[in-house]
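> Chain by chain, the residues:
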Amino acid sequence: MSAFTASRRLGAAGYLACFNGIVWREVLRFLHQRERFLAALVRPLVWLFIFAAGFRQVLGVSIIPPYQTYVLYEVFVTPGLVGMILLFNAMQSSLSMVYDRETGAMRTLLVSPFPRSFLLVSKLLAGVAVALLQVYVFLLIAYFWEVEPPLIGYFTVLPALVLSGLMLGALALFMSSVIKQLENFAGVMNFVIFPMFFASSALYPLWRIRESSPLLYEICRLNPFTHAVELIRFALYGQIEPTSLAIVSGCIALFLGGAIYAYNPSKGLLGRRGAPGGG
Amino acid sequence: MTASAQPSAESAADALMVRGVSHSFGAIRALCDVSLAVPRGAFVVLLGPNGAGKSTLFSLVTRLYDNVSGEIRILGHDVRRRPTAALRQLGVVFQSRSLDSDLSLLQNLTYHAALQGMGRREGHARARAALAKVGLADRAAEKVRALSGGQARRVEIARALLHDPACLLLDEATVGLDVASRESVLAIIRGLVQQGVGVLWATHLVDEVAADDHVVLLHKGSVRFSGPVPKLLEIAQAGSLRGAFMRVTDNTRAEAA
Numbered sequence: 001m002s003a004f005t006a007s008r009r010l011g012a013a014g015y016l017a018c019f020n021g022i023v024w025r026e027v028l029r030f031l032h033q034r035e036r037f038l039a040a041l042v043r044p045l046v047w048l049f050i051f052a053a054g055f056r057q058v059l060g061v062s063i064i065p066p067y068q069t070y071v072l073y074e075v076f077v078t079p080g081l082v083g084m085i086l087l088f089n090a091m092q093s094s095l096s097m098v099y100d101r102e103t104g105a106m107r108t109l110l111v112s113p114f115p116r117s118f119l120l121v122s123k124l125l126a127g128v129a130v131a132l133l134q135v136y137v138f139l140l141i142a143y144f145w146e147v148e149p150p151l152i153g154y155f156t157v158l159p160a161l162v163l164s165g166l167m168l169g170a171l172a173l174f175m176s177s178v179i180k181q182l183e184n185f186a187g188v189m190n191f192v193i194f195p196m197f198f199a200s201s202a203l204y205p206l207w208r209i210r211e212s213s214p215l216l217y218e219i220c221r222l223n224p225f226t227h228a229v230e231l232i233r234f235a236l237y238g239q240i241e242p243t244s245l246a247i248v249s250g251c252i253a254l255f256l257g258g259a260i261y262a263y264n265p266s267k268g269l270l271g272r273r274g275a276p277g278g279g
Numbered sequence: 001m002t003a004s005a006q007p008s009a010e011s012a013a014d015a016l017m018v019r020g021v022s023h024s025f026g027a028i029r030a031l032c033d034v035s036l037a038v039p040r041g042a043f044v045v046l047l048g049p050n051g052a053g054k055s056t057l058f059s060l061v062t063r064l065y066d067n068v069s070g071e072i073r074i075l076g077h078d079v080r081r082r083p084t085a086a087l088r089q090l091g092v093v094f095q096s097r098s099l100d101s102d103l104s105l106l107q108n109l110t111y112h113a114a115l116q117g118m119g120r121r122e123g124h125a126r127a128r129a130a131l132a133k134v135g136l137a138d139r140a141a142e143k144v145r146a147l148s149g150g151q152a153r154r155v156e157i158a159r160a161l162l163h164d165p166a167c168l169l170l171d172e173a174t175v176g177l178d179v180a181s182r183e184s185v186l187a188i189i190r191g192l193v194q195q196g197v198g199v200l201w202a203t204h205l206v207d208e209v210a211a212d213d214h215v216v217l218l219h220k221g222s223v224r225f226s227g228p229v230p231k232l233l234e235i236a237q238a239g240s241l242r243g244a245f246m247r248v249t250d251n252t253r254a255e256a257a
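Same order as they appear, the protein sequences are chains A and B. In terms of this note's numbering, the first sequence opens at residue 1 and continues consecutively. In terms of this note's numbering, the second sequence opens at residue 1 and continues consecutively.
Derived by calculation from the structure, the hints in this document are not laboratory data. Worth double-checking, as some hints may not be accurate.
[Stated by the list, open to error] Some chain A residues well away from chain B (every beta-carbon gap over 12 Å; in silico):
| id | residue |
| --- | --- |
| 1 | Tyr15 |
| 2 | Ile22 |
| 3 | Leu133 |
| 4 | Leu158 |
| 5 | Ile219 |
[Unchecked claim] A partial selection of chain B residues facing chain A, derived with a Cβ cut-off under 8 Å:
| id | residue |
| --- | --- |
| 6 | Tyr65 |
| 7 | Arg88 |
| 8 | Leu90 |
| 9 | Val92 |
| 10 | Ser98 |
| 11 | His112 |
| 12 | Leu136 |
| 13 | Ala140 |
| 14 | Val144 |
| 15 | Ser148 |
Quick caveat: nothing in here was measured; it's all calculated off a predicted structure. Ideal Cβ placement from N, Cα and C applies to all residues, glycine included.
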C-alpha cells in the first residue's frame, strides 16, 4: 500500500467511506432480519389499533398545543408510539453491542484506524437511520387509521426524530458499555425501558398525570423521553417546542460524552473490566 | 531477538515492537514487563497456556484499551500517540469468530474495507482478491453461516489482509478447527511471511510450532523465554517442545542467551 493511498483513505473521503459502510451494514442487517422488522412494527401498531381504541373513550384529550381542536386518542398517542419505536430500536442496538462485545465482534469496529469517537457516532447514526425507516412505515400505516398530520409535518418531524433517536441511542450506547453481560439486559428492560416509557407523556397528557399525582408529574417532567415525545409531537405539526429541544440536545451531549468516555481506551471502563478471551 | 524500532523511519521499524508493557485489571496483574519484537517477514509464535495473558496483550496492541506502562509500536508508530497511523498497518484475527453470520462473505469484507476508509468499488475489488487468496472466491455471495469453521477462519484471514497490513496478529486462530483446516490456515499464514508480513501467532498448542520458529513463551503474564525453538530445548534441557513448554511453565525461568 503506498503512503499516498493510505493517507487518502484516512482523509475526508475515507471518513465518508467508513461512515457509509457502517450505516450500510446496519441497514442491511436490519433488512435481513425480517422478524425484527415485523416486531418493531407490530409493537406500536398493537398499541395503536387495540390499546388506543380501548382508551379512546376512557381518556379523551382536551385541546392542548400543538393540537388546535379535540383530537382522537389515536392521534395523541402516535408521537408517543413513534418515541416507543425509537426507544426500543435504541435498546435493541444496545443489546446487539453487548452481544458483539461478548462475542468479540465489537473489536472489528474498534480496531479501525479512525478515531473511536467517530466510529461510535457513526454507529449511533446508523442505528437512527434504521429507526427512521421503521418510523416512516409506521406513520404511513397510521395515516390509514385516521392519524393524519399535515403533509409538511412528515418533513418537519425528521430533525426531531434524528435528535430524539440520537439521544436515546447515545443513552443505549452508554448503557452497553456498563452492562457486563447479556443476561443483564432483562434488568435494562425493567429499570430503563418501561419506566422511561410509562413515566412520560407518551400515553397520557402531563396535565392529567398532575391531577392524579404531582410527584409522578415531576418525575415525568424530568424524564428525557417525555421531551423527546413532545419534540416529536410539536414537530409533527410543524412547530418547535423550545424546552424539549434544549433538554433533548443537552441529553445528547451528556449521554454521548459518557459513551465516548466509557469506550475511550485510555480512560474508559472496558480496560478496567477486561476483554473477552481467555488467553 | 532485540527490538529495533525507529519511530521516525517506518521502513527500518519492526512490524511490531512491545517494550516493558505491564497491565492490571484491578488487583489482578495480567501482564508484567512484557517485551517482544516481530520483524517484517518474520513468524513469531506467542506460546502460552490459557490465562497466560495473550489475549490481554492483543487487546493492548489493538488498542481495545491502552497500556499504562511501556510502549507498543506498529511499524514504528506508537499505538497510544499515533493510533491512526499504527492501526492502519495492523491486521487482526481474533480468538472468537467476529464475522456477521447474516451477511455474505463479500458483504463482510466490504464492510471491513469501509472501516479502513475504502470506497465501495475499491472495497469490492480488494475483497474479491482477498477471498481468492484464501481459496473462497467462488463462495463470495454465500452467507457466512453456511461456512465451516475452517472456511470462516480463512474469511477472517482474508479480512485481516484486505488493507495490506505490515503486521498480522492471530489469536488462537485454529481453535475448534480439524487437523486439515488447521494446516490449511497455517500454510496460508506462513505464505504471507514470505511476502514480508510480520506475523504474531498466539497459541497454546505446541504442535503448531515448527522446529525453527521463533518463540515467545508467556506464562502468568511474564515472558519466560524469547528465542528460537532449539535454544528453548537447550535451556529447558528437554527432548521435545512439549517437554520444554511444561518445564518452563512449571515455574522454571529460562532466558535466551
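> Take the hints in turn and mark each one as holding or not.
Now for the hints, and whether the structure bears them out:
1. Tyr15: With a cut-off of 12 Å, A/Tyr15 comes too close to chain B, as the shortest Cβ separation is near 7 Å.
2. Ile22: Incorrect as stated: the minimum Cβ-Cβ distance to chain B is 7 Å, not above 12 Å.
3. Leu133: It holds; A/Leu133 is separated from chain B by about 17 Å at its closest Cβ, greater than 12 Å.
4. Leu158: Fine: 25 Å to the nearest Cβ keeps A/Leu158 off the interface.
5. Ile219: Its Cβ never comes within 12 Å of chain B, the nearest being 36 Å, so this holds.
6. Tyr65: holds (3 Å)
7. Arg88: holds (4 Å)
8. Leu90: holds (7 Å)
9. Val92: holds (6 Å)
10. Ser98: This hint holds: B/Ser98 lies near chain A, its Cβ roughly 4 Å from the closest one there, short of 8 Å.
11. His112: holds (7 Å)
12. Leu136: Cβ of B/Leu136 sits 18 Å from chain A, so the hint is violated.
13. Ala140: violated (15 Å)
14. Val144: violated (11 Å)
15. Ser148: B/Ser148 check fails; min Cβ-Cβ to chain A is 18 Å, beyond 8 Å.
In summary, the structure is inconsistent with hints 1, 2, 12, 13, 14 and 15 from the numbered list given earlier, while agreeing with the others.
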